[in-house]
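I would like the entire structure built from these sequences, with the hints used as guidance.
Order-wise, the sequence lines are chains V and F. Residues in the first sequence are numbered consecutively from 1, following my numbering. Residues in the second sequence are numbered consecutively from 1001, following my numbering.
Quick caveat, the hints were computed from the structure, so don't treat them as lab data. On a predicted model such as this, the values are computed, not experimentally measured, just so you know. Hints may be right or wrong, so weigh each one.
What follows is a list of derived Cβ distance ranges for each label pair [said to hold, decoys possible]:
#: 1; chain 1: V; residue 1: 12; chain 2: F; residue 2: 1291; range: 43 to 49 Å
#: 2; chain 1: F; residue 1: 1203; chain 2: V; residue 2: 107; range: 18 to 24 Å
#: 3; chain 1: V; residue 1: 108; chain 2: F; residue 2: 1307; range: 52 to 58 Å
#: 4; chain 1: V; residue 1: 5; chain 2: F; residue 2: 1562; range: 20 to 26 Å
#: 5; chain 1: F; residue 1: 1187; chain 2: V; residue 2: 200; range: 54 to 60 Å
#: 6; chain 1: V; residue 1: 150; chain 2: F; residue 2: 1120; range: 15 to 21 Å
Computed footprint of chain F on chain V, listed as stretches where at least three residues anywhere in the stretch have a Cβ under 8 Å from a Cβ of chain F [as the list claims (entries may be wrong)]:
#: 7; segment: 100-113
#: 8; segment: 196-208
Straight line, CA to CA, 30 Å or less: simulated DSSO-like cross-link-like pairs of lysine-lysine [said to hold, decoys possible]:
#: 9; chain 1: F; residue 1: 1306; chain 2: V; residue 2: 138
#: 10; chain 1: V; residue 1: 10; chain 2: F; residue 2: 1015
#: 11; chain 1: V; residue 1: 106; chain 2: F; residue 2: 1411
#: 12; chain 1: V; residue 1: 88; chain 2: F; residue 2: 1414
#: 13; chain 1: F; residue 1: 1411; chain 2: V; residue 2: 178
#: 14; chain 1: F; residue 1: 1015; chain 2: V; residue 2: 88
#: 15; chain 1: F; residue 1: 1176; chain 2: V; residue 2: 128
#: 16; chain 1: V; residue 1: 88; chain 2: F; residue 2: 1279
#: 17; chain 1: F; residue 1: 1411; chain 2: V; residue 2: 10
#: 18; chain 1: V; residue 1: 26; chain 2: F; residue 2: 1306
#: 19; chain 1: F; residue 1: 1180; chain 2: V; residue 2: 128
#: 20; chain 1: V; residue 1: 128; chain 2: F; residue 2: 1284
#: 21; chain 1: F; residue 1: 1103; chain 2: V; residue 2: 138
#: 22; chain 1: F; residue 1: 1015; chain 2: V; residue 2: 67
#: 23; chain 1: V; residue 1: 229; chain 2: F; residue 2: 1279
#: 24; chain 1: F; residue 1: 1180; chain 2: V; residue 2: 223
#: 25; chain 1: F; residue 1: 1015; chain 2: V; residue 2: 138
#: 26; chain 1: V; residue 1: 67; chain 2: F; residue 2: 1411
#: 27; chain 1: F; residue 1: 1103; chain 2: V; residue 2: 5
#: 28; chain 1: V; residue 1: 128; chain 2: F; residue 2: 1015
#: 29; chain 1: V; residue 1: 10; chain 2: F; residue 2: 1414
#: 30; chain 1: F; residue 1: 1176; chain 2: V; residue 2: 138
#: 31; chain 1: V; residue 1: 138; chain 2: F; residue 2: 1414
#: 32; chain 1: V; residue 1: 106; chain 2: F; residue 2: 1313
#: 33; chain 1: V; residue 1: 106; chain 2: F; residue 2: 1015
#: 34; chain 1: V; residue 1: 5; chain 2: F; residue 2: 1313
Think of the CB as a built atom: it goes at the ideal place given N, C-alpha and C, for glycine as much as any other residue.
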Amino acid sequence: MIELKNVTKKFGNFTAVDNLTLAIPKGEFFGFLGPNGAGKTTTIKMIVGLFAPTSGAITVNGYDVVKQPIEAKQSLAYVPDIPFLYDKLTGREFLFFMGGLFNIEKSVVNQRIAELIEHFEIGSWIDKRSEDYSQGMKQRITIAAALIHNPCAIIIDEPMVGLDPRSAKIVRETLHAKSQSGISILMSTHSLSVAEELCDRIGIINHGKLVFCDSREQLQFDKDRFDGKFESVFLEVTKQ
Amino acid sequence: MLLHIIKYKFRSYLKSTLDLRTVAITRGIGTLIVYGSFAYGMYSLAYFLTSFMLEHTKVGLHLYHTFISMMLFVFFIAVNLGNIIVSYSTLYRSAEVNFFFTKPVPFVKIFILKFFDNFFYSSTTLFIVAFMALLGYGNYFGHPWYFFVGSMLFVLIPFMFLAACLAVLVLMAIMKVAGKVGFKSVMAGLFILYFFLIFLFFKQSNPVTLVEQLNRYYPQMDKYISQVIPTFLNYLPNQWVSEYLFYCARGEIVKAFPYAGLILLITILIYGLCIFIAKRYYYKSWLVSLQIKSIARVPYNLAKRKFLDFRSKSILSPQLEVLTKKEYFSFIREASQWIHFLIMIILTALFALSISNLNLRLRVMDIQLLTYIVIFSFSGFMVSSLALRFIFPMIGMEGQAFWTLRSSPVKESKILLVKFVLGFSVVLLMAMFISISGNLPFARMTAMRPLLLWFGVFNAFWISLTMVSLNLGFGSFFANYSERNPIRAASTQGATLTFLITIAYLIILVIIILLPISSYFSTLFMFRQFDMKLIIIPGTVFGVISYILTVIGLITGLRSLRRDF
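Quick look at the structure:
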């Protein structure tokens, strides 16, 4: 479970995230939407420990990400918006690297890598150095790496960027299955259709504040108040 | 076209430089203080060395300028090699070059732009070094102000520019040949060629021989100097600069001018040749660089286990194991890293072997003391350069992939520890090698009394520890995760600042050891018993200063690692 309580992040005088409170229970697939610069990536970076919040508290699985970062990160998986990898490592080496960071035994990593290679269909190029990968290949390796330690929560930023239709389908199905198995997922995306298809609940952030947060069922009522399209709801709540 | 691009590059530079935020202003003042102190230190050192050599040790004007010529040769090779390595990144692997190639900009203009960009970017500190050394040296002789301006503009800058032009010519030749016989073979050939050239130079004009001659003919070296200086030196640009300075020092300006003219003329001719070749070959060689990149990639053989293979078992914990292996592969698979490292190992070995054979004959304390201090300073300088080049960029080289570590359950201290242990092991090993080699002549001179050897080992340990900690810590503080080139990362403003701090530390160490070493030689020559307190107290001060700097470096590094990414 992921919980944010009155979280604020300031960069100098600029407030990127403003008193955000949010809870994603076990097994929920939460869609995090918002215009460019709304504070989505800043929020995500605070949850995974890349940014320290200016105020407020964030907990993952009951562990405070500032006070108990190691315990919090142990159960967390993160897929960034731009999948930067170590250029000189091959995809397979990168997976071993990530497995080691999460203190997984070598034999277990070996087995998981074999499963992930098959699942994400990455076997034909996994032993090339990642400097030769396309954006989509890097994205698939990053997603595979995020799942190597069987996380309890997944934070994923723009997962479909650069993926071909087949890979996108695999990723969508994987995330859906993970959510069904009890893993909490927070997914930031600009794709309204993907959010509608996958998410149990959708939140929209604008100017650092959560301006909309409803379940998929409730969203249907909201859509009906406009022209039946989620796009119209989104434009309305983010028009300022 | 060229002016248009320069205008926008300059605007962008101004915007990033003229930052009026408090943090930026504070940093600017700090930079100014460190640069200013360094510049003053360089000036004082040049002035002191000139007066010490000419008045105290009385080596004579001619021999002193022969030493200057040798230092200029090392300087020329350093600028040249540095430019070969950095030019490869700026001319062939830069995103800006890729961008310009998609625009209707003539190739030769892109070449000129990146060449000057590269030269001025990588030579800022060297300009300061050259100018302040010239100022200190010239002031000793009471030269007028126009000597400094003229010598800088028409002698020293062209001298450095000549080294850079030759570097680019060599680089284009490498690309030409590499397209046919492979990059690795060419680099190996070039490596052997440079090694052979340096070896030949020092074989013919050996500083060890010169020191020995100095000891034999002391104090009337100027009389015999022509017997020990080989004639081939007259064909080298470092000798032209040295001759120019020599005649200026003697007030024979008319005899100095031809040497300045020669440097200027040759530099213009070589630059013209660069442009001529670049016009025809730069774009083609850029295409070759792409081809090399694809050829160089050897298909991965799954069945064959590599050294430190990720699949192999390890005695380390999983985190330590993968962090170490990642460091190893990132280093060994980056050509600019291992090639540069190999060059530095060879240069260190050459230096160490050369000084280990030094034969200190004459029992004149001042000469021995000076030799000891010069060897100590130069050894410290080599360790400092090694740490700057390879340790400083270690954190920044994580690049944008650093998110993997920051979002994983790894303590920042563990990340720092792995980098520290790896860096410290290598630097310590080389520092010990240099230190023992550098102290061997003194051990031989003192009938193998071990005191200086042990003192050298003690110094090497603390210097390595401090240099690695400061470079790792400040490298973390100034880390630019967008810079993918380790050589450029090691020549940024932050790197220069760190280098200057380590040089200031070395100067303090020299001051600390000056008295005990001088007392040691003095008691030896006077056959008296050496009071160990004279070395224990300064040694303790040495250790305490080093320890404090080590802690400062590591704490800075750790705190910087915890910053927002």
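Taking each numbered hint in turn, which are not upheld by the structure, reported in ascending numerical order? 2, 3, 6, 8, 14, 16, 18, 22, 23, 24, 25, 27, 28, 30, 33 and 34
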